[in-house]
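2 protein chains.
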Amino acid sequence: MARRKIAKRADDYAQWYQDVIAEGQMAEHSMVRGCMIIKPWGFGIWERIQREMDDRIKATGHENAYFPLFVPKSLFDKEAEHVEGFAPECAVVTHGGDKELEEPLFVRPTSEAIICTTYGKWVESWRDLPIMINQWANVVRWEMRPRLFLRTMEFLWQEGHTAHETHDEAKAEVQTMLDVYAECAENVLAVPVVKGVKSESERFPGAENTYTIEAMMQDGRALQAGTSHDLGQVFSKAYGIEFQGRDGTMQHAWSTSWGVSTRLVGALIMTHGDDAGIVVPPKLAPIQLVIIPIYKGDEQAAEIKPDVEAMMTSLRAAGVRVKADLREYLRPGPKFFEWEKKGVPLRVEYGMRDKEAGNVVLKRRDTGEKQIIPMAELASVAAPLLVTIQNDMLERARARRDANTHVLDDYADFKSRVGDGGFFHMRWCGASACETKVKEDTKATIRCLPHASEPDPGPCAICGEAAEGVRAIFARAY
Amino acid sequence: MARRKIAKRADDYAQWYQDVIAEGQMAEHSMVRGCMIIKPWGFGIWERIQREMDDRIKATGHENAYFPLFVPKSLFDKEAEHVEGFAPECAVVTHGGDKELEEPLFVRPTSEAIICTTYGKWVESWRDLPIMINQWANVVRWEMRPRLFLRTMEFLWQEGHTAHETHDEAKAEVQTMLDVYAECAENVLAVPVVKGVKSESERFPGAENTYTIEAMMQDGRALQAGTSHDLGQVFSKAYGIEFQGRDGTMQHAWSTSWGVSTRLVGALIMTHGDDAGIVVPPKLAPIQLVIIPIYKGDEQAAEIKPDVEAMMTSLRAAGVRVKADLREYLRPGPKFFEWEKKGVPLRVEYGMRDKEAGNVVLKRRDTGEKQIIPMAELASVAAPLLVTIQNDMLERARARRDANTHVLDDYADFKSRVGDGGFFHMRWCGASACETKVKEDTKATIRCLPHASEPDPGPCAICGEAAEGVRAIFARAY
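Taken in sequence, the protein lines are chains A and B.
In case it helps, my numbering puts the first sequence at residues 1 to 478.
In case it helps, my numbering puts the second sequence at residues 1 to 478.
Among the clues, some could well be false.
The list cannot tell twin chains apart, which means a pair is met if one copy fits it or any two copies do.
[Claimed, not checked] With a straight-line Cα cutoff of 25 Å, these simulated BS3-like cross-link-like pairs (lysine-lysine) come out: (1) K335 with K121; (2) K171 with K195; (3) K58 with K335; (4) K99 with K437; (5) K439 with K73; (6) K443 with K335; (7) K78 with K370; (8) K370 with K355; (9) K195 with K363; (10) K58 with K323; (11) K121 with K5; (12) K355 with K296; (13) K296 with K415; (14) K437 with K171; (15) K355 with K8; (16) K335 with K370; (17) K437 with K415; (18) K237 with K439.
Simulated from the structure, these hints should not be mistaken for lab results.
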């Protein structure tokens with residue numbers, strides 16, 4: 001039943017990823033190709049990510065709203081770059097109410113077209129700006145090689161869309177949201193990220209600039225975990241967001257958009273999981289501590305169960321999300337494996353011998369460390385230990401990321417090492433030809449030009465021409 | 001700008017409904033026929049309904065998950081009554097990824113087909129039951145005569161889907177959720193409801209029994225505010241939810257489904273709104289108290305604003321959601337109208353004369369009642385007053401509902417009175433022919449056979465044959 005059948009990371013990382021998702025009861029493929037089913041355990045984690053992110057989105061002055069699932073084709077067509085980027089990936093509704101439609105409807109792959117058109121109707125004067133709205137929604141992008149959480153045809157996300165009076169205001173908004181994403185990734189998901197700007201080839205279709213947070217998975221590959229776009233006046237011109245400025249002239253608004261998705265769950269799995277299954281950071285764990293009582297027969301049960309109840313009460317009072325696994329038809333061993341695979345941060349074992357000693361066995365999921373502590377101290381030990389685990393998970397991930405980050409000048413050196421994974425900081429002249437060459441040679445792409453770096457002029461690692469700015473991060477990516 | 005342009009309820013109730021939604025900035029029609037845009041104020045109310053409902057759904061043992069937006073046509077076809085009921089209303093995706101699909105995909109109008117099929121894969125033994133899952137999702141049902149919140153092509157809802165070992169368990173679940181809906185409608189939305197069972201003709205397609213909560217709007221028309229379905233073994237047979245029972249035999253599970261939607265926002269508007277706009281129950285108001293400072297020039301502003309800050313601080317400490325409307329380009333009058341139209345439960349006016357007296361003016365949105373109280377007492381008065389308002393709103397709605405509820409025996413009497421609106425309790429023999437006759441004669445339908453009623457045998461009001469059970473509630477409905 002609870003047999004372990006998880007591939008080892010070192011043997012087959014891709015298979016390991018599939019296995020831990022299946023065994024951790026996170027998600028599965030549905031009978032609709034490319035669409036996933038997010039199971040309760042996976043969705044419980046996503047709900048907590050949502051709540052944390054939503055609080056931050058509201059704290060920075062945004063309100064939630066909801067816009068339609070469908071985008072008329074003609075509306076989509078108004079922004080050339082945008083339609084070119086997205087139309088080939090769209091699901092198209094051609095029939096409804098038993099009739100063929102006069103105009104096909106695209107299932108939204110993203111909502112700039114419909115939201116900017118709406119803003120255009122709402123805005124007349126500078127007094128109506130800024131508009132700062134977010135929506136939580138499902139979007140659809142046709143996907144031939146789906147991977148659970150990472151690349152699915154339908155996925156869940158939030159998309160923020162704002163319109164501003166000036167470009168400076170819009171630019172500040174774009175950075176504010178990038179900071180929110182980075183802070184939430186690090187402090188909630190325990191996933192360290194690099195903030196930076198995308199190269200032109202990796203921009204959102206139609207954007208003036210795309211900013212990103214890039215995380216490094218355990219196999220050294222990069223994962224784009226969130227993006228924030230400075231859309232300039234491109235979409236407000238295409239969709240008509242015009243306002244009368246303070247000086248009386250008619251002007252186009254400056255817009256932004258930004259999003260994170262269920263992909264974050266994939267980032268979490270590949271940052272923290274181990275060969276025994278997924279490992280969930282305490283802040284996101286639907287259950288933070290699971291109690292496995294160990295007993296035989298009704299007599300022992302009558303001795304053990306009241307203590308379990310008492311532990312639950314004191315743990316709840318200490319703010320710990322706790323569950324006792326009282327299933328009668330499963331022995332402790334399979335229960336241990338099951339909760340390990342789900343990644344519950346702490347486990348308590350409690351049987352007759354523990355009772356006699358007045359102790360419980362407390363085990364950390366992240367390190368496997370066991371300690372025996374007096375039962376009376378469980379809550380006062382567990383609550384701060386969850387904080388420690390959260391911090392340790394971030395620090396371990398950061399140390400691994402840093403250990404796999406390299407500053408290189410020699411392209412041959414890069415080519416020989418890129419297969420091992422990691423972030424490679426190299427000088428880049430800014431030419432897309434060099435970007436393309438790297439991709440063709442190594443499958444690596446420019447993940448970003450990191451915000452934290454200082455300019456480091458010198459010869460481009462690829463072509464030798466002058467590279468003026470910060471070093472670009474090259475990596476293979478999900 | 002903030003000109004009032006709301007039709008009076010007595011003159012044109014339908015126009016009034018559209019007007020208060022527009023003026024209250026709740027929602028609007030999008031350029032996609034039938035799809036609405038839920039604006040931040042309306043969505044803020046919906047978010048609070050969601051949170052309250054979600055807490056209750058979880059407290060009764062359910063977990064959230066997420067299932068695909070698309071349903072393959074062949075899957076839908078497996079349950080004949082179900083497909084007959086829903087297929088004509090479906091939006092159909094025929095193209096994706098720039099290609100025509102081999103099999104069309106329906107955009108989910110409800111998710112029994114996909115969820116029951118999935119449960120069928122998850123369930124092997126009685127140990128895997130019950131499954132108790134809910135999802136918050138968007139659904140699409142083609143709609144030619146859309147009305148904001150009440151009937152839109154796309155709407156937001158939650159749909160719970162459970163599978164059980166026995167019919168008794170499933171029946172208990174159906175009633176538990178009906179109770180949750182009723183309690184939430186009354187205690188959170190302040191919308192009194194009648195619980196009952198639907199007649200066969202009004203059942204969910206494929207259900208063995210459909211239970212409903214029915215609310216009465218101010219014009220006396222009924223609104224079905226939530227439903228809970230006993231699906232018997234119909235769907236588990238169609239979609240293959242089979243398990244090995246405790247006795248070793250293979251059995252089909254007993255399933256249920258239940259949902260409430262953004263329609264609840266429509267119920268709220270039509271229960272509480274008045275000729276000045278919508279009125280939001282305090283528990284759902286994104287802003288519970290708005291402060292309008294009254295001053296001229298910088299000197300007065302410097303005197304008034306610190307007091308406003310102090311009020312906000314003490315109100316927040318008392319748990320009141322408060323906002324100060326400090327917009328410089330609007331005079332107090334238009335601000336009053338705007339927040340009245342949005343239905344904020346309490347308003348504070350504060351100007352120089354109030355400051356000199358040490359008072360504030362506090363106005364209730366629901367009754368229009370004004371009181372002058374010492375500024376120092378604002379928080380201690382406002383917090384309990386919000387509770388009073390919430391209760392008063394429910395009681396007023398209940399009194400109006402009861403005043404418009406009639407027990408009738410004479411069909412001619414009913415026909416002459418049904419146009420005035422209201423719930424009419426009449427004996428009904430159970431024949432669908434009588435139901436149809438009522439509908440043809442009067443456009444009224446059977447809303448439910450109420451749970452709270454006792455059997456009251458006598459002649460059917462329509463045909464005169466024996467009617468054994470409880471009286472049915474006849475009403476015109478939204």
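Hints, verified against the model:
With identical chains, the CA atoms of K335 and K121 are at most 25 Å apart between copies only, with a shortest distance of 22 Å across copies and 57 Å within one. Only within a single protomer do K171 and K195 lie at most 25 Å apart by alpha-carbon distance; the minimum there is 15 Å, versus 53 Å between protomers. When the C-alpha separation of K58 and K335 is checked against a cutoff of 25 Å, the pair qualifies only between copies, where the shortest distance is 23 Å, while the shortest distance within a copy is 40 Å. Taking the closest pair of Cα atoms, K99 and K437 never come within 25 Å of each other, the shortest separation being 50 Å inside a single copy and 31 Å across copies.
Proximity of K439 and K73 under a CA criterion of 25 Å is satisfied in neither setting, with 33 Å inside one chain copy and 41 Å between copies. Taking the closest pair of Cα atoms, K443 and K335 never come within 25 Å of each other, the shortest separation being 42 Å inside a single copy and 59 Å across copies. In this assembly of identical chains, the alpha carbons of K78 and K370 never lie at most 25 Å apart, being 61 Å within a copy and 52 Å across copies at closest. Taking identical chains as interchangeable, the C-alpha atoms of K370 and K355 lie at most 25 Å apart only when both belong to the same chain, with a minimum of 17 Å there against 64 Å between chains.
In this assembly of identical chains, the alpha carbons of K195 and K363 never lie at most 25 Å apart, being 35 Å within a copy and 49 Å across copies at closest. Taking CA atoms no more than 25 Å apart as the test, K58 paired with K323 passes between copies only; the shortest distance there is 14 Å, against 31 Å inside one copy. For the homomeric pair K121 and K5, the shortest alpha-carbon distance between copies (19 Å) is at most 25 Å, but the shortest distance inside one copy (56 Å) is not. In this homomeric assembly, K355 and K296 come within 25 Å of each other (Cα to Cα) only inside a single copy, at 14 Å, whereas the closest approach across copies is 73 Å.
For the identical chains of this complex, K296 and K415 are neighbours neither inside a copy (60 Å) nor across copies (70 Å), given an alpha-carbon limit of 25 Å. Taking CA atoms no more than 25 Å apart as the test, K437 paired with K171 passes in neither setting, with 31 Å inside one copy and 65 Å between copies. For a Cα distance limit of 25 Å, the shortest separation of K355 from K8 qualifies neither inside one copy, at 37 Å, nor across copies, at 72 Å. In the homo-oligomer, the alpha carbons of K335 and K370 lie at most 25 Å apart inside one protomer (17 Å), although the nearest pairing across protomers, at 62 Å, exceeds that limit.
In this homomeric assembly, K437 and K415 come within 25 Å of each other (Cα to Cα) only inside a single copy, at 11 Å, whereas the closest approach across copies is 81 Å. In this assembly of identical chains, K237 and K439 lie within 25 Å of each other by CA distance neither inside one copy nor across copies; the values are 34 Å within and 52 Å between.
In summary, the structure is inconsistent with hints 4, 5, 6, 7, 9, 13, 14, 15, 18 from the numbered list given earlier, while agreeing with the others.
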